[in-house]
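Protein chains in written order, with my numbering: chain U, 27 to 604; chain H, 27 to 604.
Treat the hints with caution; some may be incorrect.
Computed Cβ-Cβ distance ranges for the label pairs, DEER-style [to be verified]: (1) U/ASP72 x H/TYR184: 47 to 57 Å; (2) H/GLY116 x U/GLY598: 47 to 57 Å; (3) U/GLU560 x H/ARG387: 44 to 54 Å; (4) U/ASP35 x H/PRO44: 55 to 65 Å; (5) U/ASP202 x H/ASP225: 17 to 27 Å.
Please keep in mind that the hints were generated in silico from the structure rather than gathered at the bench.
Idealized CB from N, CA, C, for every residue including glycine.
Spelled out from the first residue to the last, the chains are:
Number of protein chains: 2
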Amino acid sequence: MQSVSSDLDIARAASLKPIREIAREAGIHADWLEDYGRYKAKVNLDALHALADRPNGRYVVVTAVTPTPLGEGKTVATIGLSQALGAHLGQRAFACVRQPSMGPTFGIKGGAAGGGYSQAVPMEDFNLHLTGDIHAVTAANNLLAAAIDARMMHEHNYGERFTEITGQPHLDIDPDTITWNRVLDVNDRALRDIEISRDHETRRATRFDITVASEVMAVLALATDLADMRQRLGRIVVAQDRAGQAVTAEDLKVAGAMTVLLKDAIKPNLMQTLENTPVLVHAGPFGNIAHGNSSIIADRIALKLADYVITEAGFAADLGFEKFCHIKCRYSGLTPDAAVVVTTVRALKMHGGGPPVKPGRSLDPAYTRENLQLVDAGCANLAHHIGIVRRMGIPAVVAINRFTEDTDAEVQLVRERALAAGAHDAVEATHHAQGGAGAVTLGRAVMDACEQPNRFDFLYPLEMPIADKIRTIARRVYGASDISFSDKARQQLDRFEVLGFGDLPICMAKTHLSISHDPALKNVPADFVLPVRELRASVGAGFIYPLCGEMMTMPGLPSKPAFTNIDIDDQGQVIGLH
Amino acid sequence: MQSVSSDLDIARAASLKPIREIAREAGIHADWLEDYGRYKAKVNLDALHALADRPNGRYVVVTAVTPTPLGEGKTVATIGLSQALGAHLGQRAFACVRQPSMGPTFGIKGGAAGGGYSQAVPMEDFNLHLTGDIHAVTAANNLLAAAIDARMMHEHNYGERFTEITGQPHLDIDPDTITWNRVLDVNDRALRDIEISRDHETRRATRFDITVASEVMAVLALATDLADMRQRLGRIVVAQDRAGQAVTAEDLKVAGAMTVLLKDAIKPNLMQTLENTPVLVHAGPFGNIAHGNSSIIADRIALKLADYVITEAGFAADLGFEKFCHIKCRYSGLTPDAAVVVTTVRALKMHGGGPPVKPGRSLDPAYTRENLQLVDAGCANLAHHIGIVRRMGIPAVVAINRFTEDTDAEVQLVRERALAAGAHDAVEATHHAQGGAGAVTLGRAVMDACEQPNRFDFLYPLEMPIADKIRTIARRVYGASDISFSDKARQQLDRFEVLGFGDLPICMAKTHLSISHDPALKNVPADFVLPVRELRASVGAGFIYPLCGEMMTMPGLPSKPAFTNIDIDDQGQVIGLH
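Work the whole structure out from these sequences, hints included.
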């Protein structure tokens, strides 16, 4: 990002208000609030019931162009825009964002609280345990995993007499069908391929994923209330029995205990921006094998209290935004009023043919000097994402996240191309360096977009066969010519229809670095067939996820990890987190 | 325990005060308090500094006879006694207890918040995540584990060029010497014996322990402040290099990040008893491979605020109390004024020759009908534990935790035998059924004991050779005739002296079901030689732990786990937790 002071320094210099004051100003009744220290609080679900009759505010989703590996500032834009609306334009505005995984914080990535002068604070809390929700997901996920292996072991040990002795049915889980992995919120590559129960006949190969990849996290994000979460957890399918029938968390009688473990995690976390506007931080499901959006419950509460709710969807419009529409909105019943498409000149230059952008390497001069040709060519990627938003029936506002090295001519060119592609508006934004003041123009454009006609509609009905739903997304969202299935995927597809999972929405699992399935294909790939390697079902969360390529669900630590710089100083303050 | 209403029902019917009110009444300044909802708060370490000049209150440690597998009510006594002192006898009294592991709550054990009318509340919070401290320990432990395997993998991949490329020294960890395990707070037997990194040349066998068995938990419990915790984490030894030198968390440059992960966990958690007296809940290290005592920091804060601090030590006097004296008091510099030895008629009958007591089975009539002969014989066990307390130089008060089926004659007999064995007093207590009112006599006896002459002293100096320290504990605390070392243990002993660990105190790892190393030997085993199978070092926490027998560090789930009864009801309330 631009060269401003370090995010941690800015965050620490900020003048925070007590969270009770933020809550009061935002219309959150003190009775709904559960403090976690002075600057964090959970909002309990009494708020939902008490506010049920209020009309909803405007619902704005933030998405982006296909990013470089550095990211293009979508969280910063979400925070910055909410600061502009709430602190500069006289609106009641909430930002709703995902809780970041702690693993990458100690690996390579650093924090994810926004950045510069558009951050959610205190940033240490945001990037570390917050109020423990991810830990609760870990606990619930792993209790279910332990239940599976313990049940197999006891059924094996007691044999035919298992039911007689324990009064429970023989589940007869087929170990080769187990899809439930254990999870930890740490980058631990050594856990990608492990063998467990090596001291018992039920020994088997399995793996750990990072916690945010757990289906439990997706359930938390998609649940509409506590009872709905309880039902979804019970529906989680962990394996098949030897007769090919689905085995669920309910069958293992563990869904109730999992709900108890998540009874506080279901309450959204209230924090504040650097400009003292409210932020709800809640849930952080993976953006590829899950839907990559923050929670329905947080959005629902915020919509009752705010004029504008700015919610972020993971990755670009082909992924997070499409899933926001077809999965999150499907389950919430909510309809977005507008989408913000964040872009950078840098990303468009990369799509236009610029050299590879790699984390930790200095940028090629193509990115630091004016190059209108690269920008012009790369605007096709922006146009494609605007098209996705338009196809869903809502207005798109392009936010050009401006860096100091970008020239006026480059920004102007992006603006023209965006408008030509059907954007309602396209404006430059400097909220990273200037906070909400840098996003006032963006805020006005978003307010205007929300007054435009809204023809939001889904691209596919749930009753459509699974293959056709996948084909619809591949063609109409990605621009693929067709889709292909491996033999395995085709068998799974048939099996899922038999098991009754056919009516679920689709959650595409593909790379975020290309609109296609191939991360090397930049800009707007054409004439490609999307290959579906495998199909999996998150029946509890409520979606089928086709795997198009290898999905990395457990990151590793680099040779010089970020944790080597993280410590406390003599005053007990955190250093090295950024 | 006695037949009263369920613990959860009693806890829920209790009239709780807001935690800020409990804090105010206990003399905890509002500035030191970090709320976690309405009924929990963390007390930050500003309290320690602000109160440094105040004199300490009386320090009472609660221990017990060798228990049956059902436990004899030590936590209940700790809570009940603090209720008696604080709510009935006009004293400022704090209870300081360990945070229980969540794993067993869902396995077989149920909750551990005390019981009946002597509980720490809200009991759901106490038994579940509380404020996330155990999760923070999990995260810190596993970040270190990931750092070890990632470092080995990168050193393997880069080979000779590792230092040149990354600027870090080649640690050259010998994989066969790694003693650092991963941890989870779940009963997951399948993780006792696993193989990791199966997709890499650094594949190796390892295991998960339950989180409370982590050395990080012991560090949390023994740290005297944040800087001391930072130092201890850095000193943790995880392996040896191929030259036989110790490899530490500091060598891996991860101790700073671990400290950051634990920066909130180091703050004790304030809760309340059913009678609105203050409880500090903090840390819960394993009682066998670690020292099994709550935190030094919680005790230090409480002693500045209270007339009486009642702190619990794990297991019986041969284990938790001995370690309280030789490890916790050694590092804290604090001195206990008296010890309470909790006993039941049931436990003494078992020691006197009664049939085995097993969880989940109904008790033999020997335990439900008067049997003075069994009680009389079993009082030798009580006398032995009184003797341990006396040998440490402080007065012992015996609390006879009375059950409805115990007869007056049985209780009277226990009382006489206790006094004959040198107890300062011995009284019956009915705090389970009656709350603090049932422990008023106990409270008066404890107050009187605290006024007696105190000759507290350690049984061994740190400079004594490791083998002699172990022999001293075996002979003077357990009554063993001698100790023996396996060849492996003898080699490790020599190695530890060379590595400079020789001056650490000893933390015996043995069964809690016998004073000896053999759980089958009840009452007072005689003429036994204590076999030391293996030696390990928790250099960060600060002790050597000799293993005398197999220690179970990862429990399993039974064939019908407790979690099958745990759920939420229609009002969203937890059911089935007890």
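Structure-based check of all given hints:
no. : hint                            : result
1   : U/ASP72 x H/TYR184: 47 to 57 Å  : holds, 56 Å
2   : H/GLY116 x U/GLY598: 47 to 57 Å : violated, 37 Å
3   : U/GLU560 x H/ARG387: 44 to 54 Å : holds, 49 Å
4   : U/ASP35 x H/PRO44: 55 to 65 Å   : violated, 36 Å
5   : U/ASP202 x H/ASP225: 17 to 27 Å : holds, 19 Å
Checked against the numbered hints given earlier, this structure breaks hints 2 and 4; the rest are met.
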